[in-house]
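Peer 1: Chain by chain, the residues run as shown.
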Amino acid sequence: MNLRDELKEAIRHRSLAMTLEEAEKLAGYVGRMPTPLELHLFDTMWSEHCSYKSSRSLLKLLPTHAASVVVGPGEDAGIVKFTDHDGYSWDLVVAHESHNHPSQVLPVEGAATGIGGIVRDVYCMGARVTGSLDLLRFGDPLGNSGEKTRAICRGVVEGIWKYGNALGVPNLGGDTRFHEGYDDNCLVNVVSLGFVRHDRIVHSFVPAEAHEEQYVLILVGKPTDDTGFGGATFASADLEDESEKGAVQVADPFLKRVLSEANQNVLDFLFERGIKFGFKDLGAGGIACVTSELAAHGNLGIEVNLDLVPVSIPDLPSEVIACAETQERYGLAVPKRISAEVLDIYNEKYEMPRLFPGAGATVIGTFTAEPFYRVLHCGREVANTPVEYITEGLIYDRDWEPSPTPVIEPDFRPCDPPEDLKKMLLSLDGASRSPVWSYYDSEVQGSTHFRPGEADACLTVPIPGCRAGLAVSGDGNPWFGELDPFLAGAHAVGEAVRNVVATGATPIAATDCLNYGNPEKADVFWQFRRGVEGIAAACMELGLEGEDPLPIVSGNVSFYNQSSQGGAIPPSPIVAVFGRIDDFTKSTDISLKTPGNLVILVGDRMDELGGSLYYRTCIDHRGGRVPAFRGKLEREMARFVLECCEAGKSKAVHDISDGGMILAAAEMAIASRPDARRGILFNTDELNPVLLYSETPGYLIEMSQESWDAIENKPEFLSIAGIVSDEFSIAAPGWKMDLREILEDHASRLDRIIWREEITE
Amino acid sequence: MKSAPLVAVIQFPGSNCEYETARAVRSSGMDSCIYRWNQWRELRDSQPDAYVLPGGFSFQDRIRAGAVAAKERIMDLVFSEAADGKPVLGICNGAQILVESGMVPGWEKGRIETALAANHISGRSGYLSGWIFLHTTTRAQQICPWLGMTGNGVIPLPIAHAEGRFVFSEENHYRAESSAALKYCDEKGIESSDYPINPNGSFLNLAGVMNEYGNVLAMMPHPERAFWMWQLPPWIPGEWGDRRDESLSSGSHAAAKGPGSVFFMSLADYFRGER
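Here the protein sequences line up with chains A and B, keeping their order.
Under my numbering, residues 1 to 761 are what the first sequence spells out, in order.
Under my numbering, residues 1 to 275 are what the second sequence spells out, in order.
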């Protein structure tokens, strides 16, 4: 059999994702038929998931530079300056990833591993992880695949709480949305954030000192098994069926918690000794990727001995030991002379072998001056390739073909505010998310100021004794996505920025996760292209620190969110924005406070209700005219809101998005104290759907008459919408909606549908 | 004599509230040190004045929440110290450990006389996090060093657990009341066995149980997460809600102490009384 046929055969029976051309390229590199380990290693390295081969050329459009950026995209997580306290500089570390395919196939394990993987990316920069967000997209729980969708939703939430709560990382919200386009492909995007002292940032490559002194590779954590073998490849193809469960890893938050404590102890030890080291988590490609990347990025070679790897299953083939994606493992590059002390911390001080059978730390490799990646197993050489090839990625320029959605607006738009508001408050997207949050621990670590639902963004005070607060929000609207992929990207940034700004925090960084179908399809790749352009355009406009854009410091691309029947998800760019408020006691929540205060509308309402909650739930129409993105206006409005907050003028702030001004008003009333209920009395009797329901970006602000009068030369985007009333209702001259009637239904709607399966429709 | 009382916070594998708990102790004018599960010698030699078992998922909740940690050697030390009258507080998973070690209610030495069963109540089962209200029993205020300053008001605190339902065997029901320290109630102080006022179906609406001398307290809510006023949700009603609003308008929000601080301040006060 000639080489070409041998490669063809290998690709087939190993079900590799690489093309024959890629396999031939690899054979050229090693100058022979590649070994099984080499085939699987490069299959992972060259997978869409790891190589970004389809997306990299376009991702260059995203702004990644700003004065605040310490580490941009490229390493495991992005880092930006946060604040100074007690003589130290503290940096914010953020990472954003998807775990979509695994969560569709095995919801509990998939979602749990999603958190497990993303927190490792933040830990391995040397940070303490202080929060995570989950951005969830499910199919229609009342639709054709409703039963399956409800089960997936319950499973994903269970996976998130079982992992996050046990690990002791507070959940800082996120969002949950339902759209039948996710029936066959749910989205589970996860954001993780943490803080690190600037002088203690850790990098994921072997340090230059390794050229002078002998360094070794320590593998620490769970014993290696066969779980997640081919995981990255699995994430880089259309979801065929559920026979690929073997590619999903199994997470263990208990072991991770102990491991994190031990890691912190090891890092402190190394820093105090002034020892340079490299540290990287094991994710896609397992041992093979972590060992080769630690070496390659440090311009060294490495010799790994698989016989030294602790395994929980006997007689695993070399390629499985090397490429399985067993969870809860890290690789550490340290000088040989202190390796024994490091092993002691893991194995004796923290007793990892006693706490978990087979767990612990072991030296499995030696860094070498000659730049080759060599792997030995059972006395045989099972891989030998120049390291430079391993990290050299591929780039493809995909074809794209515009496929815009025709703009069709409804000809009749009835307006019955009490009825419409009720429908929206009880709709899947308008109902309270509290049934989901009630499973998440949002307060562990004792730093949480605003929990999910209390303000537009969660707010945490992460550095004990320091008043600097971090506000974070993640957004992305699939209904905009299917109508206009560019605006979906722009508004994902815009809404996340508004949510952070509403609390009084200034955006300092953003991350993105770009979820799309199959990039080899020209129309899908066009959607992706437009989404990236939209995010880039918004980030260029919405930098609120000096003249810099809002920098994208980390992110992820998730393609092939497409079922084998060919249905691709709606274009789903999802963006998380991180903001800083120097004194968290000045931050604003959404709850109405004092009767008689004015309710100020920031941002005139425009006739652009395409994809709006009103169209969907009240007149069963998608519409076509999505709100335009007006960058300069958004920027001015944000500055105004921040100034009001800084000056102590605003008593409550809520951004206007789903459901327009009327739903924003209702949410502010529902957030008021149960023993001091408040509502809003609008000042217009106009029954105008544009005014009440348009999702044109904007804000509602509660402020006193005096504060309002004190604002000199008011911008033209301001108007008085009404006043705060001491009645628990939303009303206007001529109509009134008593919120008591629906409060309980609104709060329990998702619980009844998803958990109790009370399907009345 | 040590300058300030030393409160030991014990870290088991899987604990995850040890750091904020130690901070709460220090912010109450006492010293605090975290001891790893296998540091029982160091713990013994440092002769702490009180012990806290923090929340988390010790030993992965294997067998039952708290069951494995209760059998760790370091707990023998806590057990004998408690017998000598030293104050011991178990929060959430720490409470589960105290129950599994038989330290509460402790009617008969070494016997496990209550259990923290899985949350189950009409309206909600499974893991639940949220804010509840509780009040303290008169007897507990009198004898429990952690509750001396709680008074008769309603205390809002967060809970976050899947197994928080105190249950007793039939023949012990009659004496459960004598061990009651904390009880769930509504914002006005009225007890109810209905969800969400009683969030997990706990017997007698028990949120916290003590031993007969009151020096050992097992509580499911998390006082360390409500130590500062700024940790309270904006919607908290009643007296503490008013105090929160006042601290905001008076500009003292960052430094104002919240309802959870009372438990730790009570202990500090108890030690002042001792000296």
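Calculated from the structure, these hints are not laboratory results.
Some clues are possibly wrong.
BS3-like mimics (lysine-lysine), calculated; alpha carbons at most 27 Å apart, straight line [what the hints assert, rightly or not]:
hint, chain 1, residue 1, chain 2, residue 2
1, A, K593, B, K257
2, B, K71, A, K349
3, A, K649, B, K188
4, A, K148, A, K423
5, B, K188, A, K593
6, B, K257, A, K586
Here the structure is a predicted model, which is why all the values come from computation and not from measurement.
Peer 1: Between A/K649 and B/K188, does the CA-CA distance stay at or below 27 Å?
Peer 2: violated, 32 Å
Peer 1: Hey, B/K188 versus A/K593, does the alpha-carbon distance stay inside 27 Å?
Peer 2: Roughly 21 Å between the alpha carbons, so the hint for B/K188 and A/K593 holds.
Peer 1: Compare the distance between the alpha carbons of B/K71 and A/K349 with 27 Å, and conclude whether the hinted pair is satisfied.
Peer 2: holds, 19 Å
Peer 1: Measure nothing beyond the straight line between the CA atoms of A/K593 and B/K257; if it is 27 Å or shorter, mark the hint as holding.
Peer 2: Holds, because 22 Å separates the two Cα atoms, which is no more than 27 Å.
Peer 1: Are A/K148 and A/K423 close enough, with their CA atoms no more than 27 Å apart?
Peer 2: With Cα atoms ~25 Å apart, A/K148 and A/K423 stay inside 27 Å; holds.
Peer 1: Would the pair B/K257 and A/K586 pass a check requiring their Cα atoms to be no farther apart than 27 Å?
Peer 2: holds, 18 Å
Checked against the numbered hints above, the structure breaks only hint 3 and satisfies the rest.
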